[in-house]
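Asks: Sequences listed follow chains A and B, in order.
Mind the numbering: the first sequence is residues 1 to 116 in the numbering used here, read in order.
Mind the numbering: the second sequence is residues 1 to 116 in the numbering used here, read in order.
Derived by calculation from the structure, the hints in this document are not laboratory data.
Computed from a predicted model, the values in this text were never measured in an experiment.
Glycine included, C-beta positions come from ideal geometry on N, C-alpha and C.
Heads up, some of the hints might be wrong.
Stated by the list, open to error - Under 10 Å between C-beta atoms, here's a sample of chain B residues computed to sit facing chain A: (1) N12; (2) V13; (3) F34; (4) G53; (5) F63; (6) K69; (7) F104; (8) G107; (9) G109.
Unchecked claim - Not close to chain A: a few residues of chain B, all C-beta gaps over 12 Å, as computed: (10) R42; (11) P79; (12) P108.
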Amino acid sequence: NAGVTQTPKFQVLKTGQSMTLQCAQDMNHNSMYWYRQDPGMGLRLIYYSASEGTTDKGEVPNGYNVSRLNKREFSLRLESAAPSQTSVYFCASSSTTTSGRASEQFFGPGTRLTVL
Amino acid sequence: AQSVAQPEDQVNVAEGNPLTVKCTYSVSGNPYLFWYVQYPNRGLQFLLKYITGDNLVKGSYGFEAEFNKSQTSFHLKKPSALVSDSALYFCAVRTEGDNYGQNFVFGPGTRLSVLP
Chain A
1 NAGVTQTPKF
11 QVLKTGQSMT
21 LQCAQDMNHN
31 SMYWYRQDPG
41 MGLRLIYYSA
51 SEGTTDKGEV
61 PNGYNVSRLN
71 KREFSLRLES
81 AAPSQTSVYF
91 CASSSTTTSG
101 RASEQFFGPG
111 TRLTVL
Chain B
1 AQSVAQPEDQ
11 VNVAEGNPLT
21 VKCTYSVSGN
31 PYLFWYVQYP
41 NRGLQFLLKY
51 ITGDNLVKGS
61 YGFEAEFNKS
71 QTSFHLKKPS
81 ALVSDSALYF
91 CAVRTEGDNY
101 GQNFVFGPGT
111 RLSVLP
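Kindly generate the complete structure, drawing on both the sequences and the hints.
Replies: Here is the structure:
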């Protein structure tokens with residue numbers, strides 16, 4: 001199993017450009033997440049998808065949109081990139097336990113995005 | 001609101017010595033606690049978790065953590081550190097009512113350096 005994969009690994013954008021970060025998991029997990037990691041701030045949740053067909057905002061959703069294309073794939077789109085969106089972006093997924101709650105999360109390798 | 005504190009930005013320890021990485025948390029309700037490790041240019045890897053049961057939890061790579069409800073702490077420990085343990089460590093918490101994992105809260109991270 002590849003686990004959680006993300007593309008691209010690196011990206012440089014100019015202010016105002018758009019792009020989509022791709023994420024896929026092959027673990028048959030129901031829930032998927034997008035985080036951003038900034039120095040000294042841990043990880044902050046941008047959006048999550050509890051199951052196929054549903055998406056919800058996290059802590060820092062402004063400037064982003066997401067699509068849960070199917071159970072495997074969860075993409076993050078920046079419509080008009082800003083320098084404040086320079087960060088490392090991680091996709092994660094988790095399964096559902098027998099009690100119906102999300103288990104620990106499994107992370108992709110990350111996308112390092114720079115917005116000039 | 002939930003929060004996680006990792007009071008040390010950096011922990012240095014000599015190879016072969018015991019290590020401790022500290023974590024304290026604040027939640028309303030029963031906590032589910034997690035430790036993750038991040039190696040350079042990689043995603044986070046799950047180490048261990050406390051959900052319920054024994055306060056001492058054993059995880060991957062010889063790590064363990066002790067849940068202390070009265071002190072609201074979940075410190076990560078290892079009896080004998082290896083140079084290869086050098087990495088960034090994150091503590092995370094979610095509550096029993098967080099069904100989809102959308103309320104994982106991560107600490108800011110502690111950088112562990114194991115010196116040969």
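Asks: Does the nearest C-beta of chain A fall within a distance shorter than 10 Å of the C-beta of B/G107?
Replies: It holds, given that the least Cβ distance between B/G107 and chain A is near 6 Å, below 10 Å.
Asks: Just want to verify: B/P108 was marked as not at the interface with chain A; is every Cβ pair farther apart than 12 Å?
Replies: 5 Å, violated
Asks: Restraint: B/G109 near chain A, CB-CB cut 10 Å. Satisfied or not?
Replies: Given a least distance of 6 Å, the restraint on B/G109 holds.
Asks: May I ask you to test the interface hint for B/K69 with respect to chain A, counting a Cβ-Cβ separation under 10 Å as satisfied?
Replies: With a closest approach of 20 Å, the B/K69 hint is violated.
Asks: Given B/F104 as an interface hint, is the shortest Cβ-Cβ distance to chain A below 10 Å?
Replies: The hint holds - B/F104 has a Cβ within 10 Å of chain A, the shortest such distance being about 7 Å.
Asks: Using 10 Å as the Cβ threshold, decide whether B/F34 counts as touching chain A.
Replies: 6 Å, holds
Asks: With chain A as the partner, please determine if B/V13 meets the hint condition of a C-beta pair closer than 10 Å.
Replies: Given a least distance of 21 Å, the restraint on B/V13 is violated.
Asks: Is the interface hint satisfied for B/N12? The criterion is a beta-carbon contact with chain A at less than 10 Å.
Replies: With a closest approach of 18 Å, the B/N12 hint is violated.
Asks: Is the nearest CB of chain A more than 12 Å from the CB of B/R42?
Replies: 6 Å, violated
Asks: Taking the minimum C-beta separation from B/P79 to chain A, is that value above 12 Å?
Replies: 23 Å, holds
Asks: For the hint on B/G53, just tell me whether its beta-carbon gets within less than 10 Å of chain A.
Replies: With a closest approach of 14 Å, the B/G53 hint is violated.
Asks: May I ask you to test the interface hint for B/F63 with respect to chain A, counting a Cβ-Cβ separation under 10 Å as satisfied?
Replies: 14 Å, violated
The structure shown violates the earlier hints numbered 1, 2, 4, 5, 6, 10 and 12.
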